[in-house]
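Just need the whole structure built from these sequences, with the hints factored in.
Residue numbers (my numbering), protein chains in the order written: chain G, 10 to 349; chain B, 10 to 349; chain W, 10 to 349.
Simulated from the structure, these hints should not be mistaken for lab results.
Take the hints with a grain of salt, since some may be wrong.
One side of the interface only, derived from the structure: several residues of chain B facing chain W at Cβ under 10 Å [as the list claims (entries may be wrong)]: (1) 56; (2) 132; (3) 170; (4) 194; (5) 199; (6) 203; (7) 205; (8) 250; (9) 254; (10) 320; (11) 327; (12) 329; (13) 330; (14) 342.
What you are looking at is a predicted structure, and each value in this text was computed from that prediction instead of being measured.
Using N, Cα and C, we set each Cβ at its ideal position, and we do this for glycine too.
Read off the chains here:
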Amino acid sequence: MEFSLNQIAALINGQVEGDGSLTVSRIDKIQEGMPGGISFLSNAKYESFIYETKATAVIVSEDFNPQKPISTNLIRVKNAYNGFTQLLETYEAMVKGQQSGVEEPSFFHPSSQIGANHYRGAFSYVGKNTVLGDNVKIFPHAYIGDNVRIGNNVTVHAGVKVYNNTEIGNNCTIHPGAVIGADGFGFAPQEDGSYKAIPQLGNVVLEDHVSVGANTTIDCATMGSTLVKKGVKIDNLVQIAHNVVIGENTVIASQTGISGSTIIGKNCVIAGQVGIVGHIKIADNTTLGAKTGIIKSVDTPGKTLFGYIGFEVKEFLKSYSVFKKLPDIQDKIKELEKKV
Amino acid sequence: MEFSLNQIAALINGQVEGDGSLTVSRIDKIQEGMPGGISFLSNAKYESFIYETKATAVIVSEDFNPQKPISTNLIRVKNAYNGFTQLLETYEAMVKGQQSGVEEPSFFHPSSQIGANHYRGAFSYVGKNTVLGDNVKIFPHAYIGDNVRIGNNVTVHAGVKVYNNTEIGNNCTIHPGAVIGADGFGFAPQEDGSYKAIPQLGNVVLEDHVSVGANTTIDCATMGSTLVKKGVKIDNLVQIAHNVVIGENTVIASQTGISGSTIIGKNCVIAGQVGIVGHIKIADNTTLGAKTGIIKSVDTPGKTLFGYIGFEVKEFLKSYSVFKKLPDIQDKIKELEKKV
Amino acid sequence: MEFSLNQIAALINGQVEGDGSLTVSRIDKIQEGMPGGISFLSNAKYESFIYETKATAVIVSEDFNPQKPISTNLIRVKNAYNGFTQLLETYEAMVKGQQSGVEEPSFFHPSSQIGANHYRGAFSYVGKNTVLGDNVKIFPHAYIGDNVRIGNNVTVHAGVKVYNNTEIGNNCTIHPGAVIGADGFGFAPQEDGSYKAIPQLGNVVLEDHVSVGANTTIDCATMGSTLVKKGVKIDNLVQIAHNVVIGENTVIASQTGISGSTIIGKNCVIAGQVGIVGHIKIADNTTLGAKTGIIKSVDTPGKTLFGYIGFEVKEFLKSYSVFKKLPDIQDKIKELEKKV
Chain G
10 MEFSLNQIAA
20 LINGQVEGDG
30 SLTVSRIDKI
40 QEGMPGGISF
50 LSNAKYESFI
60 YETKATAVIV
70 SEDFNPQKPI
80 STNLIRVKNA
90 YNGFTQLLET
100 YEAMVKGQQS
110 GVEEPSFFHP
120 SSQIGANHYR
130 GAFSYVGKNT
140 VLGDNVKIFP
150 HAYIGDNVRI
160 GNNVTVHAGV
170 KVYNNTEIGN
180 NCTIHPGAVI
190 GADGFGFAPQ
200 EDGSYKAIPQ
210 LGNVVLEDHV
220 SVGANTTIDC
230 ATMGSTLVKK
240 GVKIDNLVQI
250 AHNVVIGENT
260 VIASQTGISG
270 STIIGKNCVI
280 AGQVGIVGHI
290 KIADNTTLGA
300 KTGIIKSVDT
310 PGKTLFGYIG
320 FEVKEFLKSY
330 SVFKKLPDIQ
340 DKIKELEKKV
Chain B
10 MEFSLNQIAA
20 LINGQVEGDG
30 SLTVSRIDKI
40 QEGMPGGISF
50 LSNAKYESFI
60 YETKATAVIV
70 SEDFNPQKPI
80 STNLIRVKNA
90 YNGFTQLLET
100 YEAMVKGQQS
110 GVEEPSFFHP
120 SSQIGANHYR
130 GAFSYVGKNT
140 VLGDNVKIFP
150 HAYIGDNVRI
160 GNNVTVHAGV
170 KVYNNTEIGN
180 NCTIHPGAVI
190 GADGFGFAPQ
200 EDGSYKAIPQ
210 LGNVVLEDHV
220 SVGANTTIDC
230 ATMGSTLVKK
240 GVKIDNLVQI
250 AHNVVIGENT
260 VIASQTGISG
270 STIIGKNCVI
280 AGQVGIVGHI
290 KIADNTTLGA
300 KTGIIKSVDT
310 PGKTLFGYIG
320 FEVKEFLKSY
330 SVFKKLPDIQ
340 DKIKELEKKV
Chain W
10 MEFSLNQIAA
20 LINGQVEGDG
30 SLTVSRIDKI
40 QEGMPGGISF
50 LSNAKYESFI
60 YETKATAVIV
70 SEDFNPQKPI
80 STNLIRVKNA
90 YNGFTQLLET
100 YEAMVKGQQS
110 GVEEPSFFHP
120 SSQIGANHYR
130 GAFSYVGKNT
140 VLGDNVKIFP
150 HAYIGDNVRI
160 GNNVTVHAGV
170 KVYNNTEIGN
180 NCTIHPGAVI
190 GADGFGFAPQ
200 EDGSYKAIPQ
210 LGNVVLEDHV
220 SVGANTTIDC
230 ATMGSTLVKK
240 GVKIDNLVQI
250 AHNVVIGENT
260 VIASQTGISG
270 STIIGKNCVI
280 AGQVGIVGHI
290 KIADNTTLGA
300 KTGIIKSVDT
310 PGKTLFGYIG
320 FEVKEFLKSY
330 SVFKKLPDIQ
340 DKIKELEKKV
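Here it is, written out as structure tokens:
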């Protein structure tokens, strides 16, 4: 779909500076803007790009005061970021549409409740004594067990499994195939070398504004709750073991695994394929690079760790640069030994 | 539900030290114990909590010898961990309840059979010529294909897929979203650079007391069987490729991958995110640390390996401690070279 | 079913050496061959087994020149591996059968279309304005959303989720539990430390002859398409993030993750548990060893990389062999320092 800058300005309550008849069909990052694309400038850190961008237009805030000549077209709005998000959301509403109503056959136990403006897809399942809020969308093949609590504005995508006693807050999205509340991996070794399952009697609690990625698994606690706090965003194929706690606004990328009873602070950024052992604490504002292994607590907030057994990222990269030269170093030592 | 300490002591064959008429209604972690809750102390690391806990009672082993005054009530049993597990199991039976009966709509091909005391959830699917034992629980959205054999006391959770010809023993649990018996990843390279799928005609066999984690995948054999032996416990998001064999009572943690035709011994402990190449053998009683890579057979039983390409854990850790100092070592060599 | 060696030779265009009237009813691995079975010998590593096998017959290549007496019967073909694969395919067609027809209940929106000779399993779901070709097999619990396009000869296995606007070519197989087209992981940081979801408005395009493994996730693009080109084979539990492009005939093994907007060349071989950062390019014919981490573009085609941060495999292995000796090296340096 193509839109003129005039159309977009009308949509987001802005004013065009430049040629409003030009059209765009794509949304670009400002640093990668190309003709036919529209970008936005909100963070002053990116200001330099607006003087170079090839994007057809850039959305800016009304107080933006250029320091150099600008060749792109501007759309001025009160707040550039909000205007841009509004554009994306409008576009999304156009292309994605909203599911509503109930498709049959579906299963909804009569002891359970659901609020206004819901969608229950065909073959969706809701067990006993479950309470679901307003604007809850349950896609086909989603399974929601017994005694579950889900707030308002929550989307449970196709094939998600939400097991008994799970609590989900408001404004959460659970992506397809995710499993919330399956049994934790707890087995007691027996004298004959076999293992006996330890009953997993706790639950999972997801607070408000949590996003859970496709095919991710979050196990229920042995006792108490596996707790994912407000604003946490979890990518696909992540493993969150029993009794883990994840602090507010922490972001976890794909294929990372967090072992049992570990407590992650708030505002952490955990990249992909990270592994964290059980029963430790990670301080607030910690950043863990991709593939990092963490085997002991991180006590000081704000560190960036990286490595097979992670330590400070700069130090790891220095060591790794020497690792690459180890055969040379070995040779040098042999020479030195001969000489000495 | 409330129980007196006397009732609990009778249940787990223990002796009350304190007021046996007090009641509890909840199971707490010892570090979070509150009045009305019962905890346990098994790991000495947690001993300090018993002197502070507000739990009404704590289960301890008969040889526990307090170092300070204790204000909580004790229930002494032979082994605190086993006693506690027994209590959990009783509690689980009470609170979790047992699904039974058949919810509709469900699909059950008339050529198939199922034993006594079964549960078949809504939207569950059972194909042709399949035979299921007694006390089999099939949760909603589970798919069980044709010619499958499943023993007694098996739970197939929501959204599990069990493909044609799979054989599952007794007392197994397949957690939500696991895929048993999908095609192995086998492709024959063609002259033009493309690949042609090699038919995967074998099956998967799970022996008795096997547990398979949520969203784990176990591929069928090209020919013969992918075999998971008695007592094996597999965590979430694990990959078991075609023709793998896993020995009795081996435990495999989350996100580990085992490549095709590899044979794992019995009583191994494989931590999370381990990767093992194909066509090798891992000896009995091997322990592999988290994130370890294994690229050749492990012939000697009882070893503990760790590392990006795994070797003896103690040696790896020594090497890694020097790795951290590599920039210093490089500087020292430069100095030495100048001096010599 | 039993076949004579003469029948099999006719089927795969080969010549019998031995008794062509003997019959086989089973396909065996050569090292496990038993009377009544047929095996093949392609890899020279397995040659010793042909002198001992009890299989009734073995398929060999026309240039196979035995070094010892052979007691089994041979079927010589131009290429043993291809001949055997052809036999497997014929056998597969006989034993696997073909699902067809429609099982009820199933959901198929009246605005959608499906071609000839289709299978739609019970509890399968097809949304609005979706167009499916001929010979499309949709297994139970598969979810296909709105505005999806799927070509001919495509199998969508149990529990697969194909989200809105996905395009799938001809001759593709999507294995159980895979998720195609869920939202990419894109969040805009807000001033208060929280994140806001960026609408993901693009789609996923799978070209012809693509295979997607069980529980693998391929996210839709933010804008435009996440593109998997012709002939790509993807194993289980792989993560393909938004806006990734994967070139023709590239093969990706289990548990590998490819971050957003990365472009992978054609004819690459990517082993298991590899991690690739976002926004980079991998040249054609690149091979990445298992567990390799890639943090910058690979510009030169045909390289083989390996390592925690990958570089040339031979160099990595040399460095790693010295890494193992680092404690010794440290000791030597201390000695040298004393002496100098």
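Each hint, compared with the structure:
no.	hint	in the structure
1	56	violated (36 Å)
2	132	holds (5 Å)
3	170	holds (4 Å)
4	194	holds (4 Å)
5	199	holds (9 Å)
6	203	holds (5 Å)
7	205	holds (7 Å)
8	250	holds (7 Å)
9	254	violated (12 Å)
10	320	holds (7 Å)
11	327	holds (5 Å)
12	329	holds (8 Å)
13	330	holds (8 Å)
14	342	holds (7 Å)
This entry does not satisfy hints 1, 9, going by the numbered hints stated previously.
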